[in-house]
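J.: Residues per chain, in single letters:
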Amino acid sequence: MSGRSQHSGQTLVAVVGLAAMLGLGVLVTGFSMLGGLTGQALADCDSGLSAGSVAIALQSPGGGATVGASEYGGSGDPSSGTVGSSGVNLDSSPDSYAELGGTTFATADALGGLAYGTPLRITWGKHSAIAYKRDIGLGGGPIDGYPRVVDLWWEFARALGIPYQDGEWSGVVKVERPPSTGAGNTLGQTRLAEDPSGGRNAVACAASVGGPLPVTNGPRAVIEPNDLAAAPVDAPVAVKGIIAAGNEIVGKPYVYGGGHGLPLSEVAPSYDCSSSVAHLLWGGGLLPVDTDMTAEEFESWGLSGPGKWVTLYASSNHVFMYIAGIRWDTHNAAGAADGSSGIGWHPLVREDSGFVARHPVGL
Amino acid sequence: MTSRLLVVRAAIVGVLLVFAVIALLVGGSGRALAPPRLRRADTTRAAPARAVPTRRSARLGGFGTPRLAVTEFADVYINWSYSNVAARLTALAEASVGQARSAMQLAAAQVSADSTLRGGGIANNGTVEAVAPVVGHPDEWAVVTLEQTTASDSSAYDGLAPAWHVTVASVRREPGGGWVVSGWQPES
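First to last, the protein sequences are chains S and V.
Take the position in the first sequence, starting the count at 1, then add 1; the result is the number in the numbering used here.
Take the position in the second sequence, starting the count at 1, then add 15; the result is the number in the numbering used here.
Keep in mind the hints are simulated off the structure, nothing from the lab.
Built from N, CA and C at the ideal position, the CB exists for glycine as well.
Careful, some of the hints might be misleading.
Beta-carbon label-pair distances, calculated as ranges [stated by the list, open to error]:
no.: 1; chain 1: S; residue 1: Pro-220; chain 2: V; residue 2: Ser-117; range: 17 to 25 Å
no.: 2; chain 1: S; residue 1: Glu-352; chain 2: V; residue 2: Val-149; range: 52 to 60 Å
no.: 3; chain 1: V; residue 1: Glu-202; chain 2: S; residue 2: Pro-307; range: 25 to 33 Å
no.: 4; chain 1: V; residue 1: Ala-124; chain 2: S; residue 2: Pro-226; range: 27 to 35 Å
no.: 5; chain 1: S; residue 1: Gln-166; chain 2: V; residue 2: Ser-130; range: 41 to 49 Å
Only chain S is shown next, with the shape it has when bound in the complex (with noise of 0.2 Å):
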């Protein structure tokens, strides 16, 4: 077992199991009644209805971010039971994963909170397949450096080559989101496409904060002349929060402390370079509200590296981001043509030597 939590799928365990051996006892006896089937043609039948049913397709290696990952359940691993948190019998879909983090749905957020039935590409050595999210777990400590993000359903961890270990293999695998599918979202009509926190804070925050979120249709964020970001229109709703929550506090006025102690939901009177971005991650539903941290701290927060869409650059002094092309930040430390001097969006690429880059899974 891996740390994952328990959750309150027992009574409909006890329920499904007590359905079952009541069908089964029926089939029994009905067969027996018949005397034509032996013991192998119930265990066949049997077989049929239980887990493996589903068959789990392989593909080529796959890409994304490399992580800590662990298994869980099977035989090994009774106490982890067979029912989801979302409700689902992992038995009956092994192709499962768990995001850890936490105890309940809105803690266990290692992968940006996603929404249950959030598909990632899952990538073990030389084999790939998508899993679906229908568990949360608690989790662990890093993985040979990497932290603990997910929880492969024994069955799912077989299929990609993993040696069951009674669930308590822990490894590295890389883990990606795949293309949000439909012609909705394929054809970029979608109102909520590509929403890697699950929508939980990002929709309430983008479409709450600051008022209506001005929305341009590059690719790329654009500063306006009053100072506000324009999100691209293809913008991941994530993305979208973050740059409304960020045009809430524009121009607030920098103070070494600022906005520390307060939950990130309000509007402090003032912000320093930490909880400027803590502030903005919020919006894009990728912290909790209860969040204070330092620019160390963002050190060792999310997945090593820039992202497709958000990049932390972290110190033990100082941390500031990219957001769809455009840079926050808490000076021009660009330059004079890097935009106002103080708390805000800023054009130009700034220098980050002794900074070390990071970025939340998925973006």
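Given chain S, work out where chain V should sit, using these hints.
T.: Relative to the frame of chain S, chain V by itself:
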């Protein structure tokens, strides 16, 4: 009644119970537990062969019922390949009015310049699973579709199961008495 007759009756009851249990297990739980799958006829539906609502049909009075207008529109919207998507979106624009018309025109223009669709060999196929009126909004309909996106020249969509999607559609009655789609907003 002989013991032999009792055995035969017991056997018959047993068979009936077996079939009842199998039906319950397969029919009752299969849809809820198994990943949604497109029916074979739907996955092999050739998008170009589908009838496309035309501007002529709309201008001549549209469809006989709001449900039919929405269903026909949705069926064309979700069944296309990279090679015909622009033409089909244009046809949908011509067959619709208002926001739906504008949205289809914009989408048609965008996909014409989108190298990603062609480069990946992307296609979308699906079925219209439900069309239901939105409570409290007499001209709005909720459209539930089951769709699968594929790419013949990319592995990006490999392994992804068909997924449910919801669109809110609006309809308008034309002067001729028929119904046309006037709004189209995919929500997922």
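J.: Now tell me, hint by hint, if it's right for this structure.
T.: Right, here's what the structure says about each hint:
{"no.": "1", "hint": "S:Pro-220 / V:Ser-117: 17 to 25 Å", "result": "holds, 22 Å"}
{"no.": "2", "hint": "S:Glu-352 / V:Val-149: 52 to 60 Å", "result": "holds, 54 Å"}
{"no.": "3", "hint": "V:Glu-202 / S:Pro-307: 25 to 33 Å", "result": "holds, 32 Å"}
{"no.": "4", "hint": "V:Ala-124 / S:Pro-226: 27 to 35 Å", "result": "holds, 28 Å"}
{"no.": "5", "hint": "S:Gln-166 / V:Ser-130: 41 to 49 Å", "result": "holds, 46 Å"}
Hint violations for this structure: none, all hints satisfied.
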